[in-house]
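Novice: Chains as they are written, first to last, in full-length UniProt numbering: chain U, 1 to 595; chain Y, 1 to 391.
Some hints here could point you the wrong way.
DSSO-like mimics (lysine-lysine), calculated; alpha carbons at most 27 Å apart, straight line [unchecked claim]:
no., chain 1, residue 1, chain 2, residue 2
1, U, 57, Y, 104
2, Y, 54, U, 59
3, Y, 139, U, 82
4, U, 57, Y, 216
5, Y, 54, U, 82
6, U, 289, Y, 139
7, Y, 63, U, 57
8, Y, 119, U, 108
9, Y, 216, Y, 139
10, Y, 216, U, 364
11, U, 57, Y, 54
12, Y, 109, U, 57
13, Y, 109, Y, 63
Quick list of simulated restraints, FRET-style, between CB atoms [what the hints assert, rightly or not]:
no., chain 1, residue 1, chain 2, residue 2, range
14, U, 18, Y, 91, 56 to 64 Å
15, U, 21, Y, 314, 50 to 58 Å
16, Y, 111, U, 385, 32 to 40 Å
17, Y, 73, U, 292, 49 to 57 Å
18, Y, 70, U, 359, 44 to 52 Å
19, Y, 110, U, 229, 38 to 46 Å
20, U, 518, Y, 73, 39 to 47 Å
21, Y, 110, U, 445, 39 to 47 Å
Quick caveat, the hints were computed from the structure, so don't treat them as lab data.
The beta-carbon is built from N, C-alpha and C at its ideal position, and this holds for glycine as well.
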Amino acid sequence: MAAPKKGRRQSAKSRPGRSLALILIAMVALTGGMFLSGHTTPRLGIDLAGGTSITLKAKSEPGQKNAVNPTNMNTAVSIIEKRVNGLGVSEAEVQTQGSDNIIVNIPKGTNAKQARDQVGTTAQLYFRPVLQLAAGTPQPDPSAGSSGKATTSPAPSAGASSKGSDSKAGDTPGSPVPSASQTTQGRAVPQALKADATPKADASGAADGKESPPAATPAPSTSADPATQKLLAKFQALDCSDKTAAARATAGAKPTDPTVACGKDSGNQSEKYILGPAAVDGKDVDSAKAVLDPQRGSWIVQMGFTGGGSKKFSKITGQLSQQQSPQNQFAIVLDGDVVSAPSVNTTLSKNAEIYGSFTQESSKDLANVLSYGALPLSFHEDTVTTVTAALGGDQLRAGLIAGGVGLALVIIYLVTYYRGLSLIAIASLLASAILTYTIMTLLGPGIGFALNLPAVCGAIVAIGITADSFIVFFERIRDEVREGRTLRPAVERAWPRARRTILVSDFVSFLAAAVLFAVTVGKVQGFAFTLGLTTLLDVVVVFLFTKPLMTILARNKFFGGGHKWSGLDPKRLGAKPPLRRSRRTTTAPVDPKEA
Amino acid sequence: MSRLGTLGARLYRGEIGYDFVGKRKIWYGISILITITAIVGLAVRGLNMGIEFKGGAVFTTPKTSVSAPRAQEMAEEASGHDAIVQELGTGGLRIQISGVDTDKSDQIKAKLSQELDVKADDVNADLVGPSWGKQIANKAWLGLGIFMVLVVIYLAIAFEWRMALAALIALIHDLTITVGVYALVGFEVTPGTVIGLLTILGYSLYDTVVVFDSLKEQSRGITKQTRLTYSEVANQSINGTLVRSINTTVVALLPVAGLLFIGGGFLGAGVLNDISLSLFVGLAAGAYSSIFIATPLVADFKEREPQMKALKKRVLAKRASSAADGHPVGPIALNHSDELRRDSGDDDSYDDDAPGDDVAAAGAGSTVAGTRRTQPTARGRGRGRPSGKRR
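Input sequences plus hints: build the corresponding full structure.
Specialist: Structure representation (structure tokens):
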């Protein structure tokens with residue numbers, strides 16, 4: 001054979017053992033992690049496992065008679081869809097039912113409570129200037145202490161004031177004192193309200209302080225007109241400790257009118273506000289994300305506004321920064337509740353940060369709600385019930401049986417065609433299967449990944465797609481053997497070319513997955529995730545498993561020697577010299593390579 | 001010796017092969033025919049959209065002793081549409097039926113209450129909107145659009161724009177055929193179908209990319225030789241990767257066929273069928289298009305380039321002159337394919353070849369001349385042929 005002359009590049013530089021060890025360790029670690037985490041099967045989607053079904057009913061608000069219409073309902077559906085599928089892989093289903101209901105189906109194993117909170121948070125989001133805050137006068141530090149009386153120990157109030165300074169807007173670290181006292185005050189009063197259930201005294205106190213601030217406010221509420229009086233009365237009567245009463249008082253607020261609202265401060269205590277007309281609303285928020293502020297070590301929510309939104313925002317912050325406390329605050333109002341009321345010291349424009357005593361979870365929830373927008377309607381939870389799988393186990397079983405049969409067929413085909421080489425292919429498929437299964441299982445609790453029937457089908461199809469890479473590699477090796485090389489140099493020479501082909505084609509697959517994941521929502525996104533994952537694993541397995549295994553086996557006598565059953569027998573492959581002897585050549589040996 | 005093994009070697013070597021590029025007009029014609037059928041089918045019959053797309057009715061029943069699968073049968077009988085049945089935590093059933101309007105829902109409600117043996121008033125009927133609203137479907141389309149733009153850019157960089165364009169045409173071809181089959185057969189379009197369709201994106205291109213990769217490699221420095229035209233190199237690339245293409249397609253189709261015939265066959269219509277049917281059609285179309293459409297298209301585009309035209313002229317000129325000298329320097333793959341396939345009446349295959357390009361029309365005569373030189377000698381063995389030399 002013409003082999004020896006071309007045996008130039010030996011496999012000395014590649015270290016097959018190392019790659020193999022690496023991937024085996026990864027497999028063992030993943031399997032171990034899977035058992036340690038206590039989840040040994042992937043979380044199944046709602047179509048296979050059932051879950052929780054929530055029915056939301058749209059509330060018709062007074063003054064907005066025709067708000068419950070198909071357009072608004074559909075908008076609400078798409079917003080809820082985005083929220084419950086925040087990570088894109090939890091496979092929740094959202095649809096309208098009748099004219100005013102929305103059904104949300106959440107697969108079993110999701111944090112159903114958190115999902116319900118997200119769904120139920122209807123998120124009509126407004127940024128309103130604060131006109132008045134609780135009792136609203138700047139003497140109150142002592143009074144806070146006194147009204148706190150026995151119920152408030154000094155420690156929490158101190159904690160509250162320090163947190164209060166955290167809840168400033170923007171990156172302007174100036175004058176924390178007024179806002180701190182403000183928050184403390186706001187917190188103390190409702191506590192008093194709660195304690196003795198007589199809001200009268202505090203309310204009158206609020207009324208005292210009331211007369212001056214509106215005068216100093218440029219906002220449209222003028223001091224003496226009847227509407228303002230009414231608002232004041234409402235504010236006085238507002239008792240944030242009584243949820244239903246508070247909800248009644250704050251409901252139906254039009255964004256263009258001043259209103260009253262309740263909020264919670266950092267210590268989870270109630271505060272109440274008089275708020276001006278909405279200056280910026282939820283539609284103006286372009287994006288929001290939760291980040292850990294390294295300086296404070298606490299979670300904050302960063303927001304970016306749209307073009308129009310940032311204009312409005314810079315206008316309102318410009319005005320507010322001129323004001324005295326508490327009118328230098330603006331309230332972020334979500335569904336009538338004040339989530340955060342940062343004070344403003346300078347004009348801000350494009351970006352804003354919300355500080356508060358967020359936990360990682362609460363900041364993420366808020367960011368989720370902010371970035372996916374405000375619902376055009378408000379809803380209340382009508383029924384919550386568990387549902388069984390819509391497809392039932394037989395579909396899954398049939399799918400798995402079909403997958404098993406398909407796998408067997410693939411193996412039979414590979415064995416027939418590739419003989420000994422098929423061992424490498426089968427081992428690689430096995431490695432790929434282990435990695436896919438463990439990662440999918442771990443991603444269930446990790447990011448809420450749920451395997452639905454389409455994803456199961458996708459995984460079965462991935463058998464074929466993964467096998468493609470091996471075939472590309474094997475055919476390259478066989479081409480090299482046909483050129484007359486012995487196996488070891490053939491493997492090393494085939495690899496760089498096969499590698500390029502595999503990478504280019506896998507990149508195309510991955511691109512498809514990445515685009516679909518970025519653009520779409522719901523099931524398509526979950527599927528794109530599966531596709532991207534299997535494509536990545538394909539690359540990992542081919543690079544770290546198939547190639548090194550091939551290199552090692554090339555040293556083996558069975559393969560390297562081109563045994564009849566190795567799938568690499570030069571004679572069978574028709575390497576050049578033997579082919580000359582074959583019968584066919586008598587007819588037409590016009591191959592230019594020979595001529 | 002297995003035939004398959006040596007077949008691969010011979011294909012690789014270009015000893016045998018099928019003239020994919022030369023006969024491209026036939027395959028273009030077939031593809032256009034299929035595409036038109038698909039489009040007509042789509043226009044006339046339309047797609048049968050599932051409940052996820054067009055909504056339907058949801059019936060909630062009180063506690064009943066009827067099992068979910070039985071209820072599904074009843075519901076499908078009563079409505080004539082696909083039904084999805086879920087058990088509720090209360091012991092009742094939720095039955096979703098697609099394509100139902102208000103009038104129909106009342107009839108179904110009456111029937112259901114009868115068959116499930118519950119009071120009609122206790123069965124709650126509601127029309128549901130599509131859970132796969134237009135927005136989600138539109139986003140899938142948007143994703144498809146963005147993907148196509150990006151992949152064309154990527155392929156244009158990794159290969160060249162002609163290949164990118166050809167790959168795109170092949171991809172659209174595959175998608176059209178798949179959608180057309182759905183329209184013609186009348187299978188229900190569910191999210192599973194759409195997902196299957198989206199899988200084809202990556203897969204159809206995977207095959208194409210493998211062939212293009214080989215073509216790029218083989219056509220490197222093509223202008224420096226005068227043995228083969230670009231079309232012939234393209235044809236050799238297809239033949240050289242043919243075994244690979246067949247193997248990858250078979251291996252990908254086997255599990256899908258398993259899903260379609262075993263999974264779907266036993267259970268009747270269902271999500272498994274939806275996905276596997278669209279995948280099966282799409283994968284088959286993808287393999288077909290990468291061989292018969294994409295690469296011949298590249299050859300077509302390429303041969304419009306001035307330097308490829310010049311190359312073709314040179315190759316043909318050289319062939320003509322060497323034919324005159326009595327040295328056969330023909331396009332090897334062509335000779336052998338014809339020799340194997342047709343022992344008589346082989347000339348018409350070259351007539352197929354001829355209308356390929358405007359330039360080819362001029363060159364066609366010499367191609368025939370060049371091959372005529374080899375053809376008769378092949379048949380008349382031992383007429384002083386090079387094979388004779390070797391003996």
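Novice: Going straight from one Cα to the other, do residue 119 of chain Y and residue 108 of chain U come out at no more than 27 Å?
Specialist: Distance of about 31 Å is beyond 27 Å: violated.
Novice: Looking only at beta-carbon atoms, does the pair residue 70 of chain Y, residue 359 of chain U fall within the given range of 44 to 52 Å?
Specialist: holds, 48 Å
Novice: Is the hinted pair residue 54 of chain Y and residue 82 of chain U satisfied, with a Cα-Cα distance of at most 27 Å?
Specialist: holds, 20 Å
Novice: Please check whether residue 110 of chain Y and residue 229 of chain U have a Cβ separation lying inside 38 to 46 Å.
Specialist: violated, 59 Å
Novice: Given the hinted pair residue 54 of chain Y and residue 59 of chain U, is their Cα-Cα distance within 27 Å?
Specialist: Distance ~25 Å between residue 54 of chain Y and residue 59 of chain U Cα, so the pair holds.
Novice: Do the alpha carbons of residue 289 of chain U and residue 139 of chain Y lie within 27 Å of each other, as the hint requires?
Specialist: Roughly 23 Å between the alpha carbons, so the hint for residue 289 of chain U and residue 139 of chain Y holds.
Novice: With 56 to 64 Å as the target window, see if residue 18 of chain U and residue 91 of chain Y comply at their CB atoms.
Specialist: holds, 59 Å
Novice: Does the Cβ distance between residue 110 of chain Y and residue 445 of chain U fall inside 39 to 47 Å?
Specialist: Holds - the Cβ-Cβ distance for residue 110 of chain Y and residue 445 of chain U, about 46 Å, lies within 39 to 47 Å.
Novice: Does residue 364 of chain U lie within 27 Å of residue 216 of chain Y when you go C-alpha to C-alpha?
Specialist: violated, 49 Å
Novice: Take a quick look at whether residue 139 of chain Y and residue 82 of chain U sit within 27 Å of each other, Cα to Cα.
Specialist: holds, 13 Å
Novice: Taking only the CA atoms, is the gap from residue 57 of chain U to residue 104 of chain Y under or equal to 27 Å?
Specialist: With Cα atoms ~24 Å apart, residue 57 of chain U and residue 104 of chain Y stay inside 27 Å; holds.
Novice: Would you say the C-beta atoms of residue 21 of chain U and residue 314 of chain Y sit inside 50 to 58 Å of each other?
Specialist: holds, 55 Å
Comparing the model with each numbered hint stated earlier shows that hints 4, 8, 9, 10, 16, 19 do not hold.
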